[in-house]
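Visitor: Residues per chain are reported as follows:
Protein chains: 2
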Amino acid sequence: MRYGYFGSMKAKPGQRDQVVKLLLRSAEGLSTAGCHHYVIGVSDDDEQTIWVNEVWDTREAHDASLRLPETRAAIAEAMPLLTGEFTSREITVLGGLGLPPE
Amino acid sequence: MRYGYFGSMKAKPGQRDQVVKLLLRSAEGLSTAGCHHYVIGVSDDDEQTIWVNEVWDTREAHDASLRLPETRAAIAEAMPLLTGEFTSREITVLGGLGLPPE
Chain A
1 MRYGYFGSMK
11 AKPGQRDQVV
21 KLLLRSAEGL
31 STAGCHHYVI
41 GVSDDDEQTI
51 WVNEVWDTRE
61 AHDASLRLPE
71 TRAAIAEAMP
81 LLTGEFTSRE
91 ITVLGGLGLP
101 PE
Chain B
1 MRYGYFGSMK
11 AKPGQRDQVV
21 KLLLRSAEGL
31 STAGCHHYVI
41 GVSDDDEQTI
51 WVNEVWDTRE
61 AHDASLRLPE
71 TRAAIAEAMP
81 LLTGEFTSRE
91 ITVLGGLGLP
101 PE
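If you read the protein sequences in the order shown, they are chains A and B.
Sequence positions in the first sequence follow the working numbering and run 1 to 102.
Sequence positions in the second sequence follow the working numbering and run 1 to 102.
For reference, chain A alone in the conformation it holds in the complex:
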């Protein structure tokens, strides 16, 4: 069953755009790691929060991606720009539109 990780992170004031850049850069390499969706968004009424919605082949593929050198480098670069406030929810993805057949 596909694994979804729906979360948010909060950037320090003025750092949101830089964090978005880092996230977009890391997204590029994830398709070969079993990632189908990695959607990054912001809200007009919140200048610090960044939302990230991910859909992976499996939870294991997601967890393994966190150990990739490029992911670790992006996390290390982003962490000082973040307040440390995160939300996250792990989801079993049941289907929908925009995903290749299982």
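Think of the hints as simulated: they come from the structure by calculation, not from any bench.
The structure displayed is predicted, hence computed values, not measured ones.
Watch out, some of these pointers could steer you wrong.
[To be verified] A few chain A residues that face chain B, going by a derived Cβ cut-off under 7 Å, partial list only:
| hint | residue |
| --- | --- |
| 1 | Y5 |
| 2 | G7 |
| 3 | L24 |
| 4 | L30 |
| 5 | A33 |
| 6 | H37 |
| 7 | V39 |
| 8 | V55 |
| 9 | T58 |
| 10 | I91 |
| 11 | G98 |
| 12 | P101 |
[To be verified] Computed footprint of chain A on chain B, listed as stretches where at least three residues anywhere in the stretch have a Cβ under 8 Å from a Cβ of chain A:
| hint | region |
| --- | --- |
| 13 | 71-77 |
| 14 | 96-102 |
[Unchecked claim] Quick list of simulated restraints, FRET-style, between CB atoms:
| hint | chain 1 | residue 1 | chain 2 | residue 2 | range |
| --- | --- | --- | --- | --- | --- |
| 15 | A | Q18 | B | P101 | 38 to 44 Å |
| 16 | A | I75 | B | M79 | 29 to 35 Å |
| 17 | B | P13 | A | A76 | 26 to 32 Å |
| 18 | B | E28 | A | T71 | 30 to 36 Å |
| 19 | B | T71 | A | L66 | 36 to 42 Å |
| 20 | A | P69 | B | A73 | 47 to 53 Å |
| 21 | A | E60 | B | S31 | 27 to 33 Å |
| 22 | B | A76 | A | A76 | 23 to 29 Å |
| 23 | A | E77 | B | P100 | 26 to 32 Å |
| 24 | B | E90 | A | L66 | 25 to 31 Å |
Idealized CB from N, CA, C, for every residue including glycine.
With the hints as your guide, set chain B onto chain A.
Guide: Relative to chain A, chain B alone:
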């Protein structure tokens, strides 16, 4: 700029699977209405909540989809199965993986 709608709804006890079926059925027709992602998921630790993450070409395409006869029929069918508790967040999608080029 693409429009994201990240939300959840709560089904009455025992009705979650039926609501998921209705949502999956309505997802099928949305690609021609400007919808890129319509991901439906549930969580192991919550037997009533259903998460829906949508990415649309525009906010207008999303709003227009709510007026489609098939969407209205699905909403009418689902509403009696729901508790009325919803969460939602509107997002400006900045990019990521799993979306066609703009």
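Visitor: Between E28 (chain B) and T71 (chain A), is the Cβ distance one that fits in 30 to 36 Å?
Guide: Distance hint for E28 (chain B), T71 (chain A) holds at roughly 34 Å.
Visitor: Let me know if the C-beta of H37 (chain A) comes in closer than 7 Å to any C-beta of chain B, holds or violated.
Guide: 4 Å, holds
Visitor: Given the range 29 to 35 Å, decide if the beta-carbon distance of I75 (chain A) to M79 (chain B) lies inside it.
Guide: 42 Å, violated
Visitor: Given I91 (chain A) as an interface hint, is the shortest Cβ-Cβ distance to chain B below 7 Å?
Guide: 3 Å, holds
Visitor: Confirm or reject the claim that P13 (chain B) and A76 (chain A) have a C-beta distance inside 26 to 32 Å.
Guide: 45 Å Cβ-Cβ, so the 26 to 32 Å window is violated.
Visitor: The hint names G98 (chain A) as touching chain B; please verify it with the least Cβ-Cβ distance against 7 Å.
Guide: 4 Å, holds
Visitor: Any CB of chain B closer than 7 Å to the CB of V55 (chain A)?
Guide: Because about 6 Å separates V55 (chain A) from the closest Cβ in chain B, which is inside the 7 Å limit, the hint holds.
Visitor: Please check whether the region 71-77 of chain B has three or more residues whose CB lies within less than 8 Å of a CB on chain A.
Guide: Not satisfied, violated; 0 residues make the cut.
Visitor: Are three or more residues of the region 96-102 of chain B within 8 Å, CB to CB, of chain A?
Guide: holds (count 4)
Visitor: May I ask you to test the interface hint for V39 (chain A) with respect to chain B, counting a Cβ-Cβ separation under 7 Å as satisfied?
Guide: Holds. Min distance 4 Å.
Visitor: Between A76 (chain B) and A76 (chain A), does the C-beta distance stay in 23 to 29 Å?
Guide: 50 Å, violated
Visitor: Restraint: G7 (chain A) near chain B, CB-CB cut 7 Å. Satisfied or not?
Guide: With a minimum Cβ separation of about 10 Å from chain B (threshold 7 Å), the hint on G7 (chain A) is violated.
This entry does not satisfy hints 1, 2, 5, 9, 12, 13, 15, 16, 17, 22, going by the numbered hints stated previously.
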